[in-house]
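Trainee: Which chain is which? The protein sequence lines are A and B, in order. The first sequence begins at 61 in our numbering and counts up one residue at a time. The second sequence begins at 61 in our numbering and counts up one residue at a time.
Be aware that a few hints might be false.
A pair holds if it fits inside one copy or across any two, identical chains being indistinguishable in the list.
[Unchecked claim] Below, simulated DSS-like cross-link-like pairs (lysine-lysine); rule was C-alpha separation at most 30 Å, straight line:
1) K173 - K162
2) K310 - K109
3) K205 - K142
4) K102 - K310
5) K110 - K310
6) K173 - K248
7) K310 - K274
8) K205 - K248
Note that these hints are calculated values from the structure, not bench results.
Number of protein chains: 2
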Amino acid sequence: MNITCINGDQTDHVNASDRALQYGDGLFETIVIREGEIQFWKQHIQRLKKGCQRLGINNVDYARLTAEAEQLCCNQSDAILKIIISRGITDRGYRFNTNENKSLATRILSLHKLPSYPQSHYDRGINLRLCQLEMGLNPTLAGIKHLNRLEQVMARNEWQDETIFEGLMRDHHQNIIEGTMSNFFIVKNDRLLTANLSYCGVAGIVRQLIIDDKIGHQLPIEITQICEQQLISADEVFICNSVIGIMPVKTFSQQTYGLGPVTKLIMRQYEDFVRQTNNCGF
Amino acid sequence: MNITCINGDQTDHVNASDRALQYGDGLFETIVIREGEIQFWKQHIQRLKKGCQRLGINNVDYARLTAEAEQLCCNQSDAILKIIISRGITDRGYRFNTNENKSLATRILSLHKLPSYPQSHYDRGINLRLCQLEMGLNPTLAGIKHLNRLEQVMARNEWQDETIFEGLMRDHHQNIIEGTMSNFFIVKNDRLLTANLSYCGVAGIVRQLIIDDKIGHQLPIEITQICEQQLISADEVFICNSVIGIMPVKTFSQQTYGLGPVTKLIMRQYEDFVRQTNNCGF
């Protein structure tokens with residue numbers, strides 16, 4: 061399954077002059093569809109808009125994007141909807157704000173198979189490793205889900221061991237920032253800690269829901285610098301993103317964690333939140 | 061003029077699942093064609109191969125790429141040939157080295173108008189500014205001409221003043237690394253200095269020719285950290301890339317430079333080198 065809709069047309073081919081291809085000049089969202097319903101649409105669109113503002117992509121037709129998403133997904137049962145927004149087609153060169161380069165943003169919507177993870181990942185937790193690749197610091201690009209993903213590509217391909225589900229990435233100062241495709245939290249003394257993403261990383265939808273206490277854990281949260289040692293000495297560790305939801309971590313480096321009460325609570329509250337916010341519509 | 065050849069087919073559309081579009085997972089070269097002849101082909105292909113090795117893109121058909129470039133360019137008088145090599149088409153996800161994801165690299169060749177710059181840029185020099193955006197440090201990606209170019213896009217769009225030709229970018233430690241589309245050299249006390257690109261930046265073809273003394277300046281070279289103050293106190297400054305060649309800098313910040321003897325010499329030697337290496341063929 062891979063139906064693609066580009067600027068409203070059902071086609072799977074993109075103009076080669078598009079800036080997404082030329083420079084990675086755009087953003088994306090990866091969205092879960094369950095029984096035809098789009099999860100966290102409001103949050104995904106909010107983050108997309110924030111990213112577009114940061115990159116100065118001012119020419120997105122959000123009304124059309126929403127209609128296209130709705131049309132594409134209404135007949136799907138379970139799927140992933142990936143949305144790419146690029147600055148559009150311009151002449152060669154980095155410059156985008158000339159009169160000649162007034163382009164319309166490109167909307168690329170595609171449907172993919174919803175991955176199914178073993179139940180044991182949720183019941184007993186996953187194995188986590190530490191990646192070698194260090195993320196570059198760039199406040200201009202930090203937090204948004206832009207299309208420059210070579211760091212994640214290279215980090216994800218550091219390991220082949222199928223028993224390792226995710227790898228954490230550090231920045232230049234050895235702060236642990238996030239997984240290649242997820243954010244992480246640690247629980248220590250009934251506090252929740254997650255990494256500061258002011259200099260690099262992607263601010264995930266589920267991470268933000270937890271920070272905003274939308275899923276009802278009522279624990280104090282610290283958004284801070286987290287080093288490897290803090291991870292090792294944590295009481296509990298979990299990772300999260302829109303597709304996997306919340307997954308407990310069983311091992312990291314030589315450390316083993318049990319499925320702790322805070323992670324369990326947050327997993328349960330998350331399930332409730334997902335159920336409640338379905339049918340929220342557009 | 062914008063003829064595009066994708067994996068040998070004359071088409072200007074790329075599969076939307078291509079990793080260049082999805083993640084910027086690839087590399088590019090921007091090559092000058094003069095009277096049907098491809099400038100610095102050997103150097104461009106060498107850099108491309110080095111970049112592919114770094115990213116683990118092992119599936120490039122260089123023989124076909126060369127034949128396609130030759131066919132596309134032989135009837136062109138003056139043009140730019142842009143080559144994009146991407147890792148190819150895979151399933152969704154950063155991982156590329158699975159059995160399911162064994163893909164062939166995509167070859168995208170496109171012809172563009174060769175820009176013509178005012179002669180005064182060469183005779184009297186250009187105006188240079190300092191960009192605000194700081195480049196991220198990432199040794200894994202430093203030096204190669206990969207497709208993650210959002211830093212350059214954002215830096216180039218910091219200014220609209222048409223009298224400013226180029227902007228220099230700094231890293232996180234305030235070292236000046238390169239221009240948005242060029243490398244730079246400073247001349248100080250009959251030495252040539254250029255930035256160390258071990259942590260970020262693109263190692264340009266012309267920069268490397270100068271470092272290797274292929275264009276016969278016979279001055280000592282230092283590849284080093286360069287701060288703003290060194291630029292301001294330099295005797296001469298010039299920028300370079302494959303398309304512009306070598307351009308003297310007239311102003312930077314409040315500083316004005318004359319067209320000095322070293323820059324003049326290198327410009328002349330560069331012209332000679334281009335003439336000699338034309339007809340080098342494939």
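Trainee: Determine for every hint whether it applies to the structure shown.
Mentor: Hint by hint, here is what the structure shows:
Taking the closest pair of Cα atoms, K173 and K162 come within 30 Å of each other only across two copies (19 Å); inside a single copy the shortest separation is 35 Å, beyond that limit. Neither within a single protomer nor between protomers do K310 and K109 lie at most 30 Å apart by alpha-carbon distance, with minima of 36 Å and 40 Å respectively. With identical chains, the CA atoms of K205 and K142 are at most 30 Å apart both within one copy (12 Å) and between copies (27 Å). Taking the shortest Cα distances, K102 and K310 never come within 30 Å of each other, neither inside one copy (32 Å) nor across copies (51 Å).
In this assembly of identical chains, K110 and K310 lie within 30 Å of each other by CA distance neither inside one copy nor across copies; the values are 34 Å within and 39 Å between. In the homo-oligomer, the alpha carbons of K173 and K248 never lie at most 30 Å apart, since the shortest distance is 36 Å inside one protomer and 60 Å across protomers. Taking the shortest Cα distances, K310 and K274 sit within 30 Å of each other inside one copy (25 Å), while across copies they are farther apart (57 Å). Taking the shortest Cα distances, K205 and K248 sit within 30 Å of each other inside one copy (28 Å), while across copies they are farther apart (43 Å).
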